[in-house]
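Asks: Sequence:
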Amino acid sequence: MRFHVSGVGSIGSLVAFHLQRSTRAHANLRAAAAELPNAFASGSGSGQSSSSSNEGAGSSSVLGSSAPGLATPHLAAPHVHGFLPDPSQTHVTLHLRHQKPVGRPEFMALPPKEDDSIIVERDGARFTERDFHIQRHAPITLLQPPPAPKARRKSAYSGQDDKPQGICHAQGYASDSIDSLIVTSKADTTLSSLAPLASRLTPSSTIVLLQNGQGVLDLLYEKLFPDPQHRPNFILASTTHGAWRKRRLHVVHAGVGELHFGVVPNALRAPEGYERSVIVRPPGANRALEEEAEARAAAREAADKLREEEGKSVGWEFFRPRTTAQRRSRSRGRAQEVLDLAAIPELPETLTLRHTVAALLAMPLGVQWLPIRQMQLKLMHKLVINACINPLTALADCRNGELYGNAAARLAMGDICREASAVLLAQARDAREGSGSAGGLDQLDASLLDQSLSPSALLSAAEAVARSTAQNFSSMQQDVHNMRGKTEIDFINGYIVGLGRRYGIDTPVNSDLVNLVNFKATLAGRRPGSKL
1 MRFHVSGVGS IGSLVAFHLQ RSTRAHANLR AAAAELPNAF ASGSGSGQSS
51 SSSNEGAGSS SVLGSSAPGL ATPHLAAPHV HGFLPDPSQT HVTLHLRHQK
101 PVGRPEFMAL PPKEDDSIIV ERDGARFTER DFHIQRHAPI TLLQPPPAPK
151 ARRKSAYSGQ DDKPQGICHA QGYASDSIDS LIVTSKADTT LSSLAPLASR
201 LTPSSTIVLL QNGQGVLDLL YEKLFPDPQH RPNFILASTT HGAWRKRRLH
251 VVHAGVGELH FGVVPNALRA PEGYERSVIV RPPGANRALE EEAEARAAAR
301 EAADKLREEE GKSVGWEFFR PRTTAQRRSR SRGRAQEVLD LAAIPELPET
351 LTLRHTVAAL LAMPLGVQWL PIRQMQLKLM HKLVINACIN PLTALADCRN
401 GELYGNAAAR LAMGDICREA SAVLLAQARD AREGSGSAGG LDQLDASLLD
451 QSLSPSALLS AAEAVARSTA QNFSSMQQDV HNMRGKTEID FINGYIVGLG
501 RRYGIDTPVN SDLVNLVNFK ATLAGRRPGS KL
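Oh and the sequence shown: position 238 is 238 in full-length UniProt numbering, straight run, nothing missing.
In short, the hints are calculated from the structure, not lab data.
There could be a bad hint or two in this list.
[Said to hold, decoys possible] 35 Å max Cα-Cα, derived DSBU-like pairs, lysine-lysine:
id, residue 1, residue 2
1, Lys246, Lys520
2, Lys382, Lys223
3, Lys378, Lys520
4, Lys382, Lys486
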């Protein structure tokens, strides 16, 4: 299984690090299981990989604990473990762009001997994952759709995949075919980032879009994969983890969050969808339920005994709150609804999708699967929050927290939320009536327009995020401040403007913000010493 990561910034580096690390944990577990009889015979065992290191604390065996963290590699849940790709046939490739020696020197290329490693710092400790494959690209401009996978040109890239053989290659596609591509680049650079890779993506490949903004999927459908028969599988993802770069391939995991994803439906391959769920319980859950049942039985027995001996009715003491130990026992036994990976067919066209979903769920990043409708709702909710915070902080050149409590900022955010909510309502009505455009995933089901997308709820959510991330700079503010020359505004507020235009809803505030941010970004990009 050949995993590739495009857009190796802070979040891309974090995801690639844990993808590699969880693969090693799976490999070490298999190796330890194979050596278990010898371990009992000799009194020793092995399972530690020399390609992974923990420089802040002593290294630890993969079998030491299954708790999430960096010091001890995380083991996949039982319902995921059987669907992971063979670790001996798996590697991770990082796609890096050639960089000119201008701008901030700490972000330039690392020395060759360190270029295959990613460093992650967390809670003062430093951890390294090595042996990544590296491929470098020069930016290109897409003039026409790429050739079909079966008749593609030889791809132009520096770096070459070594063995093992990939899944797509084994199915007869070219030797440089990509099995799974995780895209963490900015929304405005996704098309140019994927253009040099498009000829290597097959109908059996899987693409994960882990980004801000909306509209990227439809753009890729239009520009790169216009034929539904030859489209790869797609996964939409969003994260609340916070990370920042010290230098290239060296990040600080500053805020622990969650990562949610949903599988984009494909009626041609799975008419009934992929979203069959199962109920699972964590390890020890059965015993926890038994303990609770025993405690309840003991309480009933005591009540009956008191009633018989003293003729008293049962008092409220038998309904006292549970102790801490009882609450923990109940928590351990709580069931969870999770994706049934067996619902993803083990067919040539969907095998990489099954392995990619399993690999995501195996990472210790609070990964949760959501049905695609819930995922759409979460993405739209996040879109409007970003539409409030990002452009205002970029224009004012301030931290997120400076919006909170500012009357003018609150008025502007209220206008943004009212326009966004009106557009989403029109979109939901259109979807319900069945008169919307076909083929795009940007349409919400009417049932998704719940209270969380009302103007007041959106404004409250935006203010809460501004307050909780008060010391942070938004990504759009950083793009303008660092003179990048462009931002993701067209995929955030611009997406709202586009929907408004489609449904005849005026969005003057969002439209003005798009123009103002684009003006400021391009003006900054032309200044002496800028990166463009």
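Asks: Tell me the numbers of any earlier hints that the structure contravenes, in ascending order.
Replies: Violated hints: none; all satisfied.
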